[in-house]
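Protein chains in written order, with our numbering: chain A, 42 to 402; chain B, 4 to 618; chain C, 213 to 727.
Just so you know, the hints here were simulated from the structure itself, not pulled from any lab data.
There could be a bad hint or two in this list.
Claimed, not checked - Here are the simulated distance ranges between beta carbons:
#1 A:Ser95 <-> C:Ile444: 29 to 37 Å
#2 A:Phe247 <-> C:Ala414: 52 to 60 Å
#3 B:Asp143 <-> C:Lys283: 51 to 59 Å
#4 C:Tyr371 <-> A:Lys290: 52 to 60 Å
#5 B:Arg145 <-> C:Val305: 21 to 29 Å
#6 A:Gln123 <-> C:Arg344: 42 to 50 Å
#7 C:Val708 <-> A:Asp275: 28 to 36 Å
#8 C:Val708 <-> B:Thr362: 49 to 57 Å
#9 A:Gly115 <-> B:Lys78: 49 to 57 Å
#10 C:Val510 <-> A:Val92: 52 to 60 Å
As the list claims (entries may be wrong) - Taking lysine to any residue and the SDA-like style, the derived pairs with C-alpha atoms no more than 25 Å apart in a straight line are:
#11 A:Lys120 <-> A:Gly131
#12 B:Lys463 <-> A:Gly241
#13 B:Lys396 <-> A:Pro328
#14 B:Lys99 <-> B:Gln166
#15 B:Lys95 <-> B:Gly165
#16 B:Lys594 <-> C:Ser685
#17 B:Lys250 <-> C:Ser685
#18 B:Lys237 <-> B:Ser212
Even glycine gets a Cβ: it sits at the ideal position worked out from N, Cα and C.
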Amino acid sequence: MIFKRKQKVVENLAEANENAIFNKETEGLSQGQIVFRRFVRHKAAMISVFVLFSLIMIVFTSSGVKIGPFTIPGWWQYKFDQLLDLRTEGCPPGVVGCPTLDMVPSFIDGTGMGLGMHPFGQDDIGHDYLSMVMRGAQRSIYVMVVIGFLGGSIGIVVGSISGYFRGWVDALLMRLTDFVITIPTIIIGSVVGYHFGNLGVGFLAFYLGIFAWTGLSRLVRGEFLKLREMEFVDAARVAGASNRRIIFKHILPNAVGIIIVSITLLMSGAILLETALSYLGFGVVAPDVSLGSLISQFQDSFTIRPWLFWWPGLFIITIALSINFIGDGLRDAFDPRQRRRLGKKEKAASRDQAKIAAASN
Amino acid sequence: MKLNRLMRAALAVVAAAGLAIGVIAPAHSAAKTTVSIVQSNALTGLNASVSEFNLTFNVDVASLSGMGFTYYDNKPALVDNTAYGSYKIVSKKPFKVSYTVRSGQVWSDGTPMNAVDLLLSHVTANDAYSEIAGLGDPSDARVTPAFNSGGYGGIYAESVVGQPILSANKMTVTIEYSNQVPDWKLLAPGPSPVHALMLMAEGEDTLQSVAKSNAARERFLKAFTTYNTATLKKIGKIWSTAYNIDKVDGSTNPLLLVGNGPFIVKSAVPNGAVTMVRNPKYTSGPKVKSIKTVVFKVIGDGTAAAQALKNGEVDVYAGQPTGDAVAQLKAMAPAVKIIGGDQAIYEHVDIRTGTAFGTTDTYNGVFAGNSQKALDLRTAVLLAWPREEIIEKIVKPINPSAQLMNSLMYFNSEPGYKDIITKSGVSKFTEGTQASRNAKALALVKKYYPEASASNPVVKIKLLFGAPSNTRRVSEAALAKASVAQAGFDMDVTPTSGWSSFTKNAKYDLAFFAWVKSAILQRGNVGTYQEQNYQGYSNPEIEKIYTELNGKLLTQAEIADRFLKVETILMKEAVSLPIFQHPAVNGVSSKLMGVAPSPLSPNLVWNLWDWYFKA
Amino acid sequence: MFAYIVRRLGIIVVTLFGSSFLLYNLAALSGDPLEALRTSREPNVQQQIIALTRQLQLDVPPPIRYFYWLKGILSGLVGHIDFGMTRTGHPVVDQIALAIPTTLRLVSGATVLAIVFGISIGIITALRQYSRFDYAMTFVSFLLFSLPIFWVAVLLKEYLAIQFNDFLGEPTITPQWIFFASVFSGIFWAAIISGSRARVFAIFGIAGTSTAALLSILSATKWFANPGFGPIVLFGLAIGIAFGVTYLSTGLGNSAALKSALTMAVLTLILYYPNQWLFGVSNKKLVYVLMIVTLFVVSGLVPMLFSKIDRGPIIRTSILAAFLMGLLTVIDKLMQTWKPYMETDAVYFRPVPTIGQVNPLLEPGNFWINFLDILVHLFLPTTALLLISFAGYVRFSRGTLLEVLNQDYIRTARAKGLTERTVIMRHAFRNTMIPLTTIMVVDIMSVIGGAIITERIFGWIGMGTLFNQAIGSFDLNLLMGVFLLTGFLGVSANLVADLLYSTLDPRVRSGAGKK
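Okay, chain A solo, but in the shape it has when bound (with noise of 0.2 Å):
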C-alpha cells in the first residue's frame, strides 16, 4: 500500500517535471510560435503536408497555364479533353487502353520502369487517363477549397455572432440556419441546371459553399457560448474592450483549434460530397471531369479495368487523409493544454527527478 502511494507521488513529481520541461521550452514564445513548433513536431501531420503540398503542385502543373499572351507549358503532354488513338497493344485480350506505366525496374523484367504514352491508360474512346485524373483532381481540388473556403467563412462569421451576442440575433441567425439545412441542396442544382444549363464547376462550388456552413457555425457558436461566459473574457469586458476586440483577439483564438478542424472536416467531406452527386448525376457534368466523375463514371471498370477505378480512388483518399491528418496536427498544436510526446530519455530524465525528489522527501 505505502508502495503504491509512493508510485503515485512519483508519477505527480514527474508530471510536474515534464511541465517544467514545457515551459521551460515555450518560454518567451508567442502564441503562434508556439503553435508552430508543436504542429512541426506533429509527424503524421507534417508528411501530410509534404504530400498534399507535392500532390497539388503536381496536379497543377500537369497543364499548360496561359498567362495573357504567354503560355507556360505542363509536364505532361495531352490534354484532357484531346481524342487520342486507343492503345491495345500489351494489353489483356479484350482490354483497350492499359496503362503503360512501368514500376517493374529492368533487372527484374527487362523492359525497365518507364511512364509510357500513357502511364494511368485511356478511356473508351481515347482519352489520356492521366490528364483526366489531373484534372479531375484539379477540379476536386477546387471544389474543395472553395468549399472549404465559402463555408469556413460563413459559418464562423454567423456562429460567432450569434454565440456572442445571443438573444434576438441569436434567433435570428439559428433559425436562418434552420432554414438552410431544411432545403435540400440538390434541387438548387438541379433548378439551376434546368434553367440556364451546364454552369460549371465554378457555380457547383459555389452553391454547395453556401450551402455547408451550417454545421459549422452551430459548432462556433456552441464554442462561443462556452467562452464568453469564462473569466478572460469578463475581465477583457472589464478593462472596456469593445465587442469587436473581444470576438476576435480573445475569443476566436481560443476556439480556432476546433474551427480549423471542422473546416479540415468539411474540406475532406466535401470532395466525398462532390463525388456522391456525381454519382447520383448533380456533379461535375462531362466533358470536364472530376475526381468523383470518374469514380463512379468508371466503377463497372472495377474488375475489369482496376486503374480506371484505383487512379481517381487514390487520388480522393490521399487527399482526404491528408487533409485530415493536418487538421489532427492543428488540433493538437491549438490545444493549449495538449503536450507532445516526450522523447524516452526526457521522460527518463525527468522520472528520474522526480525519484530523487520524492526520496530526499
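With the hints as your guide, set chains B and C onto chain A.
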C-alpha cells in the same frame, strides 16, 4: 487479466468445437422452378392501360397475367395466339373484322371466357363511346373521363365505326373500321375479366361462384349495350383506381388478380419485389414448360444488379450497361452467360433545317433552308459524322455483333433493309474511309468558307444532347466533335440538362435522338410530319406518301416502295442519319435455358413459358 | 422552459412553412414532368399530356399549387391530413409510412454500432495517445472516412457476400488465410494491450496461436456450415462476460458484484435447454415478454443474496451481464437456425445477400428463419454504413476525452487516490459524453432522411429512395411529404440538442436566452 480471459475463451471455443459434429451440406439435385429477374423500376399498378400506368414493368406484369389474340416474338413478328382465339376479315368494304374467342377457356377464378370480355377494350379506347355513354370527353383537359384510359385518342378511336356486334353464341365480336387500317391486327380488342370488374363495382371483395360471375358479366353486357352511365361509371372507377396498387398480399381483393395469363400476381411489396405464381387454369397461350414462380426484384443500380447475379440472388439481369459491365458479366462465366441483342431503339443524328413547328424561335443557322449552301453543309457534317468509330468504340464493347445502321425505315434485321440501303442513296455516306469522307466534306465546306481547314474549323455549330449522366452520349459527342473538326466544323458539345425543353430551340443546329419503335407499324418511324419532328423539316412529297400509307391497306411490296421513296428524299436532302440500334444485354444464369429477349415490350418475359432450369 | 420550448416549436412551424414554400417552387422549376411524353412518339401522346396535366394540375402556377398542397396538410388540424398522391397514383402517406421503418431498420443498427464502436475505440486511442494503436486507428478511421460509400459497397459485396457464399459451399479455410488471420489478430491484440516489449511479444504469440487453433478447428469441423456455441462454449463466454462487465462497472475488487455476475453465467448454462424449448413455443409474444421480465427480475434479485449494502452498482452489473448473456443465448439460437435457413429453397445455400431487405420467396411462419433472414439482409448495408460513419465518433470522442483528461477536476480525482478505472469511467467518460450526446442527437435525427446512395446500392426502399425518386420524376407531392418529415426532424434535432446541452452542462446558458 484480459489475457486470461482471451485464453479461456479460446480454450472453451476449441473444446466445444471439438465436440461439434461436422455436417456437410447435401447436394441439391432437383432443378429450380423459381426464376428471379432484375427490374430497374417498381410496379405501380396492375392495370397498365390506365393513363400514367403504362410503364414497362406494369406492362410486363400485365402481359404475364393476361393473354390476347396476338403477341410479339423476338424476331420481332406478330404471332397469332390461336390458343386464345382467332380473327378474320369478313368484309373489305366496309372493312369488317371478326374476333372469335376459343371456347373451353376459363379465367383464373374458373369463370368461362367469352367475347363479352372483349367489349371493355372498346369502352377504354373509343372516345366516341365514352361520350355517348356519358362517361366524359377524354380530350377535355379539365375532367377525367370515367375510364382514365391511356388508350383514347389512338388509331382505334380514329377508325372504328359504330359499336362492336356480338354474335348469338357470344363467342365472336365483329368490328367495323372506317378505312382499311394497315395495322388492323394490332387493333384486336384485348380481353378483360369484366365479371370481376362488375362484382367489384357492386362491392364484392371475394371470388364468387361461376354462376354468380356469369350473371355479373351479363349485367355488364346489359350496361354496355344500354349505355347505362351509372353502372359504367362505377365500373370505370374500379377500372381506373382499384388496380393502381403497388402492394399485393393476403388482404388484397382477389377479384383484382383474376387473369387468363400463365402467371398471376401473388404478392408485391411497394417499390420492391413482385412475386407471380403459375395460374393452374391457364390454357390461353403456349404451354408453360417448367417455371412455377417468378420473382421480380427491383434494383436501380447496374453494378448492384450484376453483383446480385454473380451471387445467385437473381437469374436474369436485363440492362443497358456499359462495356465494362458486360466484360464483368463475361468474367462471371461459366456461372453466367450473356445473351446479347438489340433494342427497338435507334440512335440517329438530326439536323435542323428550319424553325420548329409550333414555335416562334426562328432558326437562321448555317443549315437552314433548301439553298445549295445549306444542303452542302448538311451533307458535309453528315459525311464527317464518325459513325463507324462510334460503333467500334462505344457500341461494340457492349454488343460485339453491333452493326452500322444505314436505314431510318428498317432495322438491319428486317427483311426490307438490304434492298432499301442499296437504292436509297445512303451509299454516299458509307463510301470510302472516314478520312476520305472527311476530305470530301471539307471540300464542300471550302466552297463557302475558303479559309476552313482541319486546323481551322470555322463553321460554328451546336449539338443538342441531354442527360448529363448518359456517358455514352458524351463519348459519342466527343468523337463527333473531333471528326467534324476535320471537315471545318467547330461543334459545341456541352451537354444540356433538361434537354427535352430545348428540342425546338433554334440555338441548336443538330441533335442526337433515340427513337423507339414501340410496334412494327406500317406508318414508318421517321418523324417527317412537321408536327412530329423538332427540326423544322417538312417536305410535301413525304407527307403525301404518309397520308397514303395510313389510309390504305397495302401489300408488303407497295409499303417497301413507299418507304424507299421517303428514305431517298431524306438522304438527298441530308437531314438525318441513323447510327446504331441500341444494344441490349442480358446476363443470364447459365443454368437457365430458353431466354430469348424480344426488342419489343414485354421484352424479356414474352416467352417465360419456354424457360427452364438445367438440373 | 416550457414557454421556451413552445416558442421554439412555433418558430419551427414558421421555418418549415417558409422553406416548404421555397422548396415547392424550386422543385417545380427544376424540370419538366412531361419530359418523357414530349419526346414520345406514340400516336395518342397529346391525350396523355392532357391526362397528366390534369392529374398533376400543371395548369395551375406552382405558387398557387403550393397552397392546394398546404390545404391538404392543414386539414390535418381537423383530423384528416392529406399529403396528396404520388405521380404513380399512390397516397404519399402510405409510401412514407412504409419507408420510415425500412430506413430506421437500415440506419439504426449502423448508427448504434458506430456510436458504440466509435466511442470505445476513441476512448482507447485517447488513453493510449500517440501509441502504435492510436496511430493505426487514426489512420484506419481517416481512411474509412475518406472512402465513397458506393466503393465500399462494391468491395463488401464482392468479399463478404459473393466470396463468402462460395466459401460456404466448401467451408474449409486455407492455411494461408489462417496464417494471415492469426498474424492480424496477434498484431491487433498486441497493439491494443501494449506494454513492455516482452509482453507485446507474448500477447502477439498467444493471440496469434489461439486464433490459428480456433480457425483450424472451425475449418476442420466445417463449423460455418452449421454454426452454434453449444452449452459449454456458451458457458465459457458467459464467464468472460461476467468478468468483463464487473471489471468495467465496479472493478473486480467488488466480490459481491463478481459473484452475482458469475451466478448469472451459471444460470445461463442451467437454463440452456429450457431456453431452447421456449424458443420453439408457438405463442412467441407472450413467451418473450415473460423471458425478458424473468431476466430482469432474476438479475435484479440475485445481488440481494450477496450484498446488503451498496446494492445499486451490483444490481446494475448483474442486469448488464444477464442481458449480454441472454443476447448470447439468442445468438446461439440464430446460429442453430443458420443451417435450416441455408437449406430452404429460397436461400439455396447462398445465405449472404447483396440486395434487398428480405427474401421475397421465404415463406412467413418460422419466426427464427425469418428473423435470421432480416439479419443477413442487414449485414452488408449495416457494415458499409458503420465503416464510413464510425470514424467521426472515433475522432470526436478521442479529442473530447483528451481535453477532459487535462481538466483540473481529473487531476483532483487522481490526487484523491482514486483508481484509474474510477477516474476514467466515473469522471472522464461521463464528461466526455456531454458534447457527444448532442452530436448523436443531430446524427440520429438526420439519418432518418435516409442514406440515398446506400439504399440505392443495396436495393432498399427507404426515405432516401423516395427522395431520389421524387426529384428524378419531379413528383412534388412525394418530395414535399419526405421533406416535411426530414425537415421537421432536422430542425427539431437542433432544438433537442440545444436543450440537452444546457441540461447536461450547467455551465452553458444557451436555452432560454434571457433567463
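Outcome of the hint check:
no.: 1; hint: A:Ser95 <-> C:Ile444: 29 to 37 Å; in the structure: 58 Å, violated
no.: 2; hint: A:Phe247 <-> C:Ala414: 52 to 60 Å; in the structure: 58 Å, holds
no.: 3; hint: B:Asp143 <-> C:Lys283: 51 to 59 Å; in the structure: 25 Å, violated
no.: 4; hint: C:Tyr371 <-> A:Lys290: 52 to 60 Å; in the structure: 54 Å, holds
no.: 5; hint: B:Arg145 <-> C:Val305: 21 to 29 Å; in the structure: 27 Å, holds
no.: 6; hint: A:Gln123 <-> C:Arg344: 42 to 50 Å; in the structure: 47 Å, holds
no.: 7; hint: C:Val708 <-> A:Asp275: 28 to 36 Å; in the structure: 30 Å, holds
no.: 8; hint: C:Val708 <-> B:Thr362: 49 to 57 Å; in the structure: 54 Å, holds
no.: 9; hint: A:Gly115 <-> B:Lys78: 49 to 57 Å; in the structure: 55 Å, holds
no.: 10; hint: C:Val510 <-> A:Val92: 52 to 60 Å; in the structure: 58 Å, holds
no.: 11; hint: A:Lys120 <-> A:Gly131; in the structure: 23 Å, holds
no.: 12; hint: B:Lys463 <-> A:Gly241; in the structure: 21 Å, holds
no.: 13; hint: B:Lys396 <-> A:Pro328; in the structure: 17 Å, holds
no.: 14; hint: B:Lys99 <-> B:Gln166; in the structure: 12 Å, holds
no.: 15; hint: B:Lys95 <-> B:Gly165; in the structure: 16 Å, holds
no.: 16; hint: B:Lys594 <-> C:Ser685; in the structure: 37 Å, violated
no.: 17; hint: B:Lys250 <-> C:Ser685; in the structure: 21 Å, holds
no.: 18; hint: B:Lys237 <-> B:Ser212; in the structure: 22 Å, holds
Against the hints set out earlier in the document, violations occur for numbers 1, 3, 16.
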